[in-house]
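J.: Sequence:
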Amino acid sequence: MSLTPDASPEDDEHDWDSYLIETNSEAAPACNFKQSLIPPKNEFNIGEKLETIDPRNQDSWCIGTVVDKEGARLRIRLDGTDDRNDFWRLVDSADIRYYGTTEKLRGQIVPPLGFQQNSTRWAKYFEKNLKNGPFAPESCFKSRPKQPERNLFKKGQKLEAVDPKHPQLICPATVNNVIPGDYRIVLSLDGLSSSNNFKVDYSSRDIFPVGWCKSAGIHIAKVGGHLPSRTSNKILPTTPNKQKTIISPSSNDSSYSSTTTDEKNNNSVSKRKPTKKERKSSIDYDDVQLNNNKKKYPIVTVYWNYTSDNGGMLLNPQKFQSLMPSTF
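Going by full-length UniProt numbering, the sequence shown opens with residue 1, and the numbers climb by one from there.
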């Protein structure tokens with residue numbers, strides 16, 4: 001079925017020629033980027049497995065599966081984890097390689113950070129789920145492009161960049177600043193506020209020359225276009241209906257509502273003044289401590305990356321306790 005002009009997919013594509021004229025801007029030269037001048041061909045099939053570096057632990061080579069692809073990009077899921085840790089890589093990325101490379105280099109494939117089962121069961125999991133592939137052939141992995149000798153970017157130049165908060169998106173971007181003597185550049189995503197600015201290495205594989213993604217078959221988000229919600233899709237456990245205690249959060253949390261679970265589930269609950277026994281709408285920490293023997297409150301485990309080291313789900317609670325200024 002042919003598309004009418006109104007239904008053409010080109011209507012949703014970013015027009016760089018018009019945009020550069022409208023903004024009186026210049027595109028960063030292709031020699032500034034660590035990208036192949038001709039985008040590599042994507043010969044991977046969805047469902048094929050490969051070796052990949054765990055993005056949260058750069059020293060670990062794990063098994064990943066191609067779960068999606070667009071142009072020269074691959075969406076990879078670490079085997080043994082869920083879709084919350086998916087990431088994107090180019091087919092010529094140094095972070096992926098064909099299965100068997102680690103063994104040839106006398107290395108060892110390890111379970112990903114936060115492996116859902118006990119790490120001691122990794123061998124059985126590998127034998128049952130991963131050993132037989134299917135594995136992507138060596139021919140799918142393309143040679144790496146050369147890195148520019150130095151940072152050649154200039155302030156104000158336009159380029160295409162992966163949105164770090166939405167890695168599935170590539171957006172028009174501007175070099176906001178170049179720090180003298182530094183290997184990084186500050187980028188701003190066009191159409192978004194400065195709070196979304198971020199730094200990248202000048203040799204990052206997540207930045208591209210103007211027009212590169214179109215030639216690679218990758219969609220570019222339009223400036224000011226609709227972005228997906230940044231709210232996590234993770235479903236949190238609900239509080240049992242019998243638990244009516246309300247713990248007051250920080251006053252900075254604008255999304256907090258002091259409505260109990262029963263009130264949310266029953267719109268017919270009428271408002272009334274609290275009795276003498278209900279005057280206190282929240283429980284103070286000291287009150288909880290004093291009445292600890294009378295009433296037990298649910299224990300909440302908090303995972304907190306306080307020192308910015310990439311602890312993830314395997315955060316050491318003793319280390320966390322020793323570093324925090326509070327008393328436990």
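Hint data in this document are derived by calculation from the structure and do not stem from the laboratory. No experiment lies behind these values; they were computed from the predicted model shown. Where a beta carbon is used, it is the ideal one built from N, C-alpha and C, also for glycine. Incorrect hints may have been included.
[Stated by the list, open to error] Okay, derived cross-link-like pairs now, DSS-like style, lysine-lysine, Cα gap no bigger than 30 angstroms in a straight line:
{"hint": "1", "residue 1": "K214", "residue 2": "K142"}
{"hint": "2", "residue 1": "K104", "residue 2": "K146"}
{"hint": "3", "residue 1": "K158", "residue 2": "K128"}
{"hint": "4", "residue 1": "K214", "residue 2": "K104"}
{"hint": "5", "residue 1": "K142", "residue 2": "K34"}
{"hint": "6", "residue 1": "K34", "residue 2": "K222"}
{"hint": "7", "residue 1": "K199", "residue 2": "K128"}
{"hint": "8", "residue 1": "K142", "residue 2": "K104"}
{"hint": "9", "residue 1": "K154", "residue 2": "K165"}
{"hint": "10", "residue 1": "K104", "residue 2": "K128"}
{"hint": "11", "residue 1": "K104", "residue 2": "K165"}
{"hint": "12", "residue 1": "K41", "residue 2": "K199"}
{"hint": "13", "residue 1": "K34", "residue 2": "K199"}
{"hint": "14", "residue 1": "K222", "residue 2": "K154"}
{"hint": "15", "residue 1": "K158", "residue 2": "K142"}
{"hint": "16", "residue 1": "K158", "residue 2": "K104"}
{"hint": "17", "residue 1": "K199", "residue 2": "K155"}
{"hint": "18", "residue 1": "K41", "residue 2": "K146"}
{"hint": "19", "residue 1": "K146", "residue 2": "K69"}
[Said to hold, decoys possible] Simulated DEER-style distance windows between Cβ atoms:
{"hint": "20", "residue 1": "E13", "residue 2": "N176", "range": "47 to 53 angstroms"}
{"hint": "21", "residue 1": "K165", "residue 2": "E138", "range": "22 to 28 angstroms"}
{"hint": "22", "residue 1": "D182", "residue 2": "S18", "range": "29 to 35 angstroms"}
{"hint": "23", "residue 1": "F126", "residue 2": "P167", "range": "25 to 31 angstroms"}
{"hint": "24", "residue 1": "S215", "residue 2": "R144", "range": "16 to 22 angstroms"}
{"hint": "25", "residue 1": "L37", "residue 2": "D182", "range": "38 to 44 angstroms"}
{"hint": "26", "residue 1": "T23", "residue 2": "A123", "range": "37 to 43 angstroms"}
{"hint": "27", "residue 1": "D68", "residue 2": "A30", "range": "39 to 45 angstroms"}
J.: Each of the hints needs a verdict: does it hold here or not?
T.: Comparing the hints with the structure gives:
1. K214 <-> K142: holds (19 angstroms)
2. K104 <-> K146: holds (25 angstroms)
3. K158 <-> K128: violated (48 angstroms)
4. K214 <-> K104: violated (37 angstroms)
5. K142 <-> K34: Within the cut-off at roughly 14 angstroms; holds.
6. K34 <-> K222: holds (24 angstroms)
7. K199 <-> K128: violated (42 angstroms)
8. K142 <-> K104: Holds, at about 19 angstroms.
9. K154 <-> K165: holds (24 angstroms)
10. K104 <-> K128: holds (22 angstroms)
11. K104 <-> K165: violated (36 angstroms)
12. K41 <-> K199: holds (28 angstroms)
13. K34 <-> K199: holds (16 angstroms)
14. K222 <-> K154: holds (23 angstroms)
15. K158 <-> K142: Holds, at about 27 angstroms.
16. K158 <-> K104: violated (42 angstroms)
17. K199 <-> K155: holds (13 angstroms)
18. K41 <-> K146: holds (17 angstroms)
19. K146 <-> K69: holds (24 angstroms)
20. E13 <-> N176: 47 to 53 angstroms: Once the Cβ atoms are compared, 24 angstroms apart, the range 47 to 53 angstroms for N176 and E13 is violated.
21. K165 <-> E138: 22 to 28 angstroms: Since K165 and E138 have Cβ atoms about 34 angstroms apart, the given range 22 to 28 angstroms is violated.
22. D182 <-> S18: 29 to 35 angstroms: holds (33 angstroms)
23. F126 <-> P167: 25 to 31 angstroms: holds (27 angstroms)
24. S215 <-> R144: 16 to 22 angstroms: holds (19 angstroms)
25. L37 <-> D182: 38 to 44 angstroms: With Cβ atoms ~26 angstroms apart, the hint is violated.
26. T23 <-> A123: 37 to 43 angstroms: violated (56 angstroms)
27. D68 <-> A30: 39 to 45 angstroms: Roughly 27 angstroms apart at Cβ, these two residues miss the hinted range, so it is violated.
Hints 3, 4, 7, 11, 16, 20, 21, 25, 26 and 27 from the earlier list are contradicted by this structure; the remaining hints agree with it.
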